[in-house]
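Protein chains: 2
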Amino acid sequence: MRPRWLYYKMTLIDDVTCYWLGLARVDGLGVRGAHQLIGYFGSPQAVYQASLTELEGCGLPASVARAIFVQAGLKEADKEIGAAEKAGCSLVIYGREGYPPLLQEIGDPPLVLYVRGDVKALSQHAVAVVGTRRPTAYGISVAHRLACDLAQRQLVIVSGLARGIDSAAHRGALEAKGKTVAVLGSGIDVIYPREHKRLAEQVVESGALISEFPLGTAPTPENFPIRNRIISGLALGAIIVEAAEYSGSLITARLAAEQNREVFAVPGNITSAQAFGPNLLIKQGAKLVDQWLDVVEEFPAPVRMQLLPSADASETAAAGAQTASLFEQSLEPDQKAVFEALRADEALFVDSICGSVSLPQPRVLAALLSLEMSGLVKQLPGKNFIRKL
Amino acid sequence: MRPRWLYYKMTLIDDVTCYWLGLARVDGLGVRGAHQLIGYFGSPQAVYQASLTELEGCGLPASVARAIFVQAGLKEADKEIGAAEKAGCSLVIYGREGYPPLLQEIGDPPLVLYVRGDVKALSQHAVAVVGTRRPTAYGISVAHRLACDLAQRQLVIVSGLARGIDSAAHRGALEAKGKTVAVLGSGIDVIYPREHKRLAEQVVESGALISEFPLGTAPTPENFPIRNRIISGLALGAIIVEAAEYSGSLITARLAAEQNREVFAVPGNITSAQAFGPNLLIKQGAKLVDQWLDVVEEFPAPVRMQLLPSADASETAAAGAQTASLFEQSLEPDQKAVFEALRADEALFVDSICGSVSLPQPRVLAALLSLEMSGLVKQLPGKNFIRKL
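Order-wise, the sequence lines are chains A and B. For the first sequence, numbering that gives the first Met the number 0 gives the first residue as 0, with consecutive numbering after it. For the second sequence, numbering that gives the first Met the number 0 gives the first residue as 0, with consecutive numbering after it.
Incorrect hints may appear among the rest.
Copies of one chain are not kept apart here, so a pair can be met inside one copy or by any two copies together.
Said to hold, decoys possible - Taking lysine to any residue and the SDA-like style, the derived pairs with C-alpha atoms no more than 25 Å apart in a straight line are:
#1 K176 with A82
#2 K387 with E244
#3 K382 with I225
#4 K377 with R253
#5 K85 with R31
#6 K286 with P380
#7 K85 with Y137
#8 K282 with Q258
#9 K282 with T270
#10 K196 with S357
#11 K196 with P220
#12 K119 with E297
#13 K286 with S351
#14 K74 with K377
#15 K282 with K377
#16 K286 with K387
#17 K196 with A300
#18 K377 with T270
#19 K176 with G97
These are calculated hints, taken from the structure and not from any lab test. Since we're looking at a predicted model, the values are computed, not measured.
Input sequences plus hints: build the corresponding full structure.
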């Protein structure tokens, strides 16, 4: 028989958010366990209404079944909803409006996200840029430039607000006047490291700051691997820029691969300890990245089309953003003539290219080779050539 | 009707070498053309004895058929044989004893090689190490170290005696007291650049200096791409260390791929112009190399077995050779215990590894991960682990 005070309590809690938050707080249940229960009973509310026998019948440990039966987590959840409101953050629930569709696809999506800033930014095409907290000057500048170039192409830059590569990535996106999302390993009201408070506010204005941890959660080390799955989960792919042998960024890369996301890595001198991680990932099959195009060209065609640089974006970008992308570089006259003869949607045979450009054949071939070397043109089997994005 | 003086001449020339050398010198025939004719008529001698009608019947241009019919090249070849002897070099003929078996497999193997030094070095397991003539200090040190480490494992280091990466590779092999082969883009008696005369003599003593060009041939630019096919042709694979956008080393890489040889590249900072080539090759599928093991593990198992470091080799190597290979690094106690439980010839399931090592499971798992990260252990599907070479 269910204790009477529980019936009383349940009438007070009419917002379903509370049940989601509550289940997230049941010790020993875990995100996967919670999703299984919700799947079985139909809703978090139904989980909390189940009998002890039913709960134990699901194979839960006795202590967990008992905790849910006595409505563990609900009281805290109720308080948390009010506190979150005061802290100016929204609660975004799994499966409901605003929940990022890509994140929903992973094996263990958070039940609830605490979000400060623009919830919509979480559902836009995004790429994660992560790396060591102790980068070299090279790592910092590369992370900044790649994030800047990618943000200019309307990609949201997701990272972890950490020192080093993470903050360089957020700053690169901000410089491009693009959007960036920071996923915290602490409560959304606990900014770590402290010196990133200003950066965190800039992130909120540009995109969003998010966390799945309850308010006030300290940034303890065990939170970060858990947090990393959200960083990769929000993104089409993750770029690893500098990571030493035991860096957490390698965990993010592994999670990204497990989530079927693209894994990208920026190579570095093999004599640099910070290049160990990216170089290892490349050996294991990650795509080598030395410019933003390497990232975008791996995305599905519909995504690529949406990301094509618009005139507006280029103008915004010109306002201070540094770019060294090959598209912006002026091509030599021969290269230009040949590039213009090529198409992005259809490969052309080398003879027909030579026929349509009014240049001697050796110059056309030389231009094709140099365009291929520059990554603007791709050679397909049988001497066919196609423009890359 | 064949002029009488030709019959007279032919009786003087009884060494078949002369006919091979002669065909190599017929203008407009080319190496592929020469091989086709030899295949059709059975031998170079038979080609020179063919009638004009027969030669024209092979589809040769009239001028070429005529040249062969009037025995073009034979007189020079005869002189060349004497001169080569005086210059202290052997002539190694296609298909005969001493001709490198791997080189024989390529599409356009030289008809004759001029060799100074140890002909046998050409038939041993070899790897090419090539790159830009204008390297950074990083490129020099990496080429030197990789060549040194690989030469210690009994691999012959093949390169082009050029300034920069090539000479660093030769020197690395020499430091390891290993063997090295230099392939010239000039006559074997024309050392270019001149300041490499001493290096060339060291190469002759350690391995061999070779060329397919006639004695006295100047190092003209068009010779180098032709020469490059021999560099890759002699080797199981080619390692590209630093190459800017239009470097000849990228041609060597392409030739190596066309010859079905492994292509390896050493990555570098994407902000370095000299890293453009290797990074591009890696994007196109070349294997990233950051230590000698990355190279050796791509070779077929029988080759790998022959290359296993012998006690002798390690001792020789210790005499001055710098090595940073991971094998030499001392492992942590946990790593050592786990590594010793693993086998190189059979993958073991993670549970059986945990069972056979007297350490708590988390420490075994951590050690496995770190061994995998160090490249000493490979994880196979289904949580099975195997020692890498």
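Structure-based check of each hint:
Proximity of K176 and A82 under a CA criterion of 25 Å is satisfied in neither setting, with 31 Å inside one chain copy and 72 Å between copies. For the homomeric pair K387 and E244, the shortest alpha-carbon distance between copies (18 Å) is at most 25 Å, but the shortest distance inside one copy (34 Å) is not. For the identical chains of this complex, K382 and I225 are inter-copy neighbours only, at 22 Å across copies versus 48 Å inside a copy, given an alpha-carbon limit of 25 Å. Taking CA atoms no more than 25 Å apart as the test, K377 paired with R253 passes between copies only; the shortest distance there is 15 Å, against 29 Å inside one copy.
Taking the shortest Cα distances, K85 and R31 never come within 25 Å of each other, neither inside one copy (30 Å) nor across copies (81 Å). Taking the shortest Cα distances, K286 and P380 sit within 25 Å of each other both inside one copy (21 Å) and across copies (21 Å). Taking the closest pair of Cα atoms, K85 and Y137 never come within 25 Å of each other, the shortest separation being 41 Å inside a single copy and 55 Å across copies. In this assembly of identical chains, the alpha carbons of K282 and Q258 lie at most 25 Å apart whether taken from the same copy (19 Å) or from different copies (23 Å).
For a Cα distance limit of 25 Å, the shortest separation of K282 from T270 qualifies both inside one copy, at 16 Å, and across copies, at 20 Å. Taking the closest pair of Cα atoms, K196 and S357 never come within 25 Å of each other, the shortest separation being 59 Å inside a single copy and 47 Å across copies. For a Cα distance limit of 25 Å, the shortest separation of K196 from P220 inside one copy, 20 Å, qualifies, whereas the shortest one across copies, 60 Å, does not. In this assembly of identical chains, the alpha carbons of K119 and E297 lie at most 25 Å apart only when taken from the same copy (24 Å versus 47 Å across copies).
For a Cα distance limit of 25 Å, the shortest separation of K286 from S351 qualifies neither inside one copy, at 32 Å, nor across copies, at 34 Å. In this homomeric assembly, K74 and K377 never come within 25 Å of each other (Cα to Cα): the closest approach is 60 Å inside a single copy and 49 Å across copies. In this assembly of identical chains, K282 and K377 lie within 25 Å of each other by CA distance both inside one copy and across copies; the values are 23 Å within and 12 Å between. In this assembly of identical chains, the alpha carbons of K286 and K387 lie at most 25 Å apart whether taken from the same copy (16 Å) or from different copies (23 Å).
When the C-alpha separation of K196 and A300 is checked against a cutoff of 25 Å, the pair qualifies neither within a copy, at 38 Å, nor between copies, at 56 Å. Taking CA atoms no more than 25 Å apart as the test, K377 paired with T270 passes between copies only; the shortest distance there is 23 Å, against 32 Å inside one copy. Taking the shortest Cα distances, K176 and G97 sit within 25 Å of each other inside one copy (23 Å), while across copies they are farther apart (66 Å).
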